[in-house]
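Trainee: Residues per chain are reported as follows:
Protein chains: 2
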Amino acid sequence: MTTNRQIHLISRPSGQASLENFALVSAPAPEVGEGEVLVRHHYLSLDPYMRGRMNDGKSYAQPQALGHTMIGGTVGEVLQSRNKAFAIGDKVVGMGGWQEYGLVTAATIGMLRKVDDSQVPLSAYLGAVGMPGVTAYYGLVHIIAPKAGDTVVVSAASGAVGSAFGALARARGCRVVGIAGGPDKCAYVVDELGFDACIDYKQHTDAASLSAALQAVCPQGIEGYFENVGGMVMNAVLPLMNAFGRVAVCGMIAGYNGTPIPMATPQLILMQRLRFQGFIVSEHPQVWPAALAELAGLVASGALRARETVAQGIDSAPQAFLGLLSGRNFGKQLVKLI
Amino acid sequence: MTTNRQIHLISRPSGQASLENFALVSAPAPEVGEGEVLVRHHYLSLDPYMRGRMNDGKSYAQPQALGHTMIGGTVGEVLQSRNKAFAIGDKVVGMGGWQEYGLVTAATIGMLRKVDDSQVPLSAYLGAVGMPGVTAYYGLVHIIAPKAGDTVVVSAASGAVGSAFGALARARGCRVVGIAGGPDKCAYVVDELGFDACIDYKQHTDAASLSAALQAVCPQGIEGYFENVGGMVMNAVLPLMNAFGRVAVCGMIAGYNGTPIPMATPQLILMQRLRFQGFIVSEHPQVWPAALAELAGLVASGALRARETVAQGIDSAPQAFLGLLSGRNFGKQLVKLI
Numbered sequence: 000m001t002t003n004r005q006i007h008l009i010s011r012p013s014g015q016a017s018l019e020n021f022a023l024v025s026a027p028a029p030e031v032g033e034g035e036v037l038v039r040h041h042y043l044s045l046d047p048y049m050r051g052r053m054n055d056g057k058s059y060a061q062p063q064a065l066g067h068t069m070i071g072g073t074v075g076e077v078l079q080s081r082n083k084a085f086a087i088g089d090k091v092v093g094m095g096g097w098q099e100y101g102l103v104t105a106a107t108i109g110m111l112r113k114v115d116d117s118q119v120p121l122s123a124y125l126g127a128v129g130m131p132g133v134t135a136y137y138g139l140v141h142i143i144a145p146k147a148g149d150t151v152v153v154s155a156a157s158g159a160v161g162s163a164f165g166a167l168a169r170a171r172g173c174r175v176v177g178i179a180g181g182p183d184k185c186a187y188v189v190d191e192l193g194f195d196a197c198i199d200y201k202q203h204t205d206a207a208s209l210s211a212a213l214q215a216v217c218p219q220g221i222e223g224y225f226e227n228v229g230g231m232v233m234n235a236v237l238p239l240m241n242a243f244g245r246v247a248v249c250g251m252i253a254g255y256n257g258t259p260i261p262m263a264t265p266q267l268i269l270m271q272r273l274r275f276q277g278f279i280v281s282e283h284p285q286v287w288p289a290a291l292a293e294l295a296g297l298v299a300s301g302a303l304r305a306r307e308t309v310a311q312g313i314d315s316a317p318q319a320f321l322g323l324l325s326g327r328n329f330g331k332q333l334v335k336l337i
Numbered sequence: 000m001t002t003n004r005q006i007h008l009i010s011r012p013s014g015q016a017s018l019e020n021f022a023l024v025s026a027p028a029p030e031v032g033e034g035e036v037l038v039r040h041h042y043l044s045l046d047p048y049m050r051g052r053m054n055d056g057k058s059y060a061q062p063q064a065l066g067h068t069m070i071g072g073t074v075g076e077v078l079q080s081r082n083k084a085f086a087i088g089d090k091v092v093g094m095g096g097w098q099e100y101g102l103v104t105a106a107t108i109g110m111l112r113k114v115d116d117s118q119v120p121l122s123a124y125l126g127a128v129g130m131p132g133v134t135a136y137y138g139l140v141h142i143i144a145p146k147a148g149d150t151v152v153v154s155a156a157s158g159a160v161g162s163a164f165g166a167l168a169r170a171r172g173c174r175v176v177g178i179a180g181g182p183d184k185c186a187y188v189v190d191e192l193g194f195d196a197c198i199d200y201k202q203h204t205d206a207a208s209l210s211a212a213l214q215a216v217c218p219q220g221i222e223g224y225f226e227n228v229g230g231m232v233m234n235a236v237l238p239l240m241n242a243f244g245r246v247a248v249c250g251m252i253a254g255y256n257g258t259p260i261p262m263a264t265p266q267l268i269l270m271q272r273l274r275f276q277g278f279i280v281s282e283h284p285q286v287w288p289a290a291l292a293e294l295a296g297l298v299a300s301g302a303l304r305a306r307e308t309v310a311q312g313i314d315s316a317p318q319a320f321l322g323l324l325s326g327r328n329f330g331k332q333l334v335k336l337i
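Residue numbers (numbering that gives the first Met the number 0), protein chains in the order written: chain W, 0 to 337; chain Y, 0 to 337.
Hint data in this document are derived by calculation from the structure and do not stem from the laboratory. Treat the hints with care, since some could be wrong.
As the list claims (entries may be wrong) - If you want a taste of the chain W side facing chain Y, the calculated C-beta under 10 Å gives, among others:
1. G229
2. G230
3. V248
4. C249
5. Q271
6. G277
7. F278
Keep in mind it's a predicted model, so treat the numbers as computed, not measured. The beta-carbon is built from N, C-alpha and C at its ideal position, and this holds for glycine as well.
Please model the entire structure based on the sequences and the hints provided.
Mentor: Laid out in structure tokens, this is it:
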């Protein structure tokens, strides 16, 4: 019988997440019932939102249950099928979780989607042509809604969302400025992703210093900001927002560890008539088809060359996830499972 | 020759505004040139936005020039006219400033508007049927956009904006909860303005305590919040906002004195997918006709009985303004000039 190795959440973090919150568990690969599909996962996606699920308490989603396999997006191929819509060998993307094999049941079959890996590599369906890409699209197109010539800024610019944001904004004629951590990431953002500029937040110890550096590369101010991190970076960007600016709030990773970082200057919301909009891309299914079509085109043409950091083996997932939370990944963080 | 007494701004506050920032100046009443109108002011409006104008620096409006008459809304009657659109005796509302007589020139004639004081008292055109009323309308109707049954909350509930907000929200079937300072104001908000509940923020020394009191009268959470004050009150309301809640940001009086109060929990913008929208009502002229029509109807029918605090004489304006900033007024703060 095939063994299915899984990562369970076994305790909730108090403060920073740690390896002790996770356990590697071996279970038999599941039996396939009528209407069900068994998927062998090729890649698991690691994403910041998972940190929020590890907490108990009020959030936009149910907390991850203790003693169960961590949730997460996966791509793979169909190994067994008792469902007419899927054949053995089909490449599929779904929410298979932190495990080597995923059983797709009646409850989750609606989230399984066949994909074509002839033009776009399979792993891209977890990044640029998946949830992170659509996240960038929704924030840029539906919240920031820029005109050509607008200056737009994104934090965590070298990541999966940030890189897609840059390509989508360049396609709309925007000046695109990134914020990332470290000279390598900043060089990649400018040289490979084609941003107009990128500021290394690690060179700055306070918001005022970071803000001054941003101002130098945003001489006309900022019309749109895509917020992936919160905290000091948000406090550095806000004073540069122009009147009627829009802030798409997608991530507040700086506050996930139980120590929320205040917004220093909320009065600017009034003074500059800013709009802040928090969003979760899964709540906007109507935008996915148009977003995925544009993103697949950008990847196929080479306009979007998103970098990946790939950990090997399911047992490496917890350590890779902690690295993601502290910014040690470079681009989309994946775990290769085959 | 008639004397025109005026209040000039003679210095900018560092920290709290004080009487020393103002001077009473006597000037001759101005001569009326071709196309111009001289208005004798009956009432001057005092409003929190004026505090922002006293500062130098980046804001949505030019700072008030030193050595000049303070800006402000006024109602009065036409005393002399060399403009065919206005006749002697016409009742008018405009931006005449802190003075007894105002010369309306070619540059400002577009802001002068004739009003009818047969159904609505003249002073109401500075409050419920004027800029404060339209401010409440824009925030409620165009930003919060509530459904019947939604819970909406407004800070500074006993003031000109808050009282209009309450009447407009009641007309739309909302549960309306106010926040005000002191038992008298709270009793007025419930008993005379018809709010469902009102919380006295002065009974609470921190946001957590105020939040618990609000939660008791908002058992289903809050769909819309009209922000007039910022600071501790904002930090008490945010944790109670329901998913997809809207916050209309109209005032941040708590931060005007040079000490901005941070937003304690910006991560809630993401977790609850909140929308914040700052606005200045003068930038939305298209909503004024519909808003004024509805507000005049609410006043004429008695559904909106807004209270006024009236200081007597132009020399009382600075003290009355400082009282407004510290919440000593009760309802719309006016200065009677005749």
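Trainee: Any hints from earlier that this structure breaks? Give me their numbers in increasing order, please.
Mentor: Structure breaks no hint.
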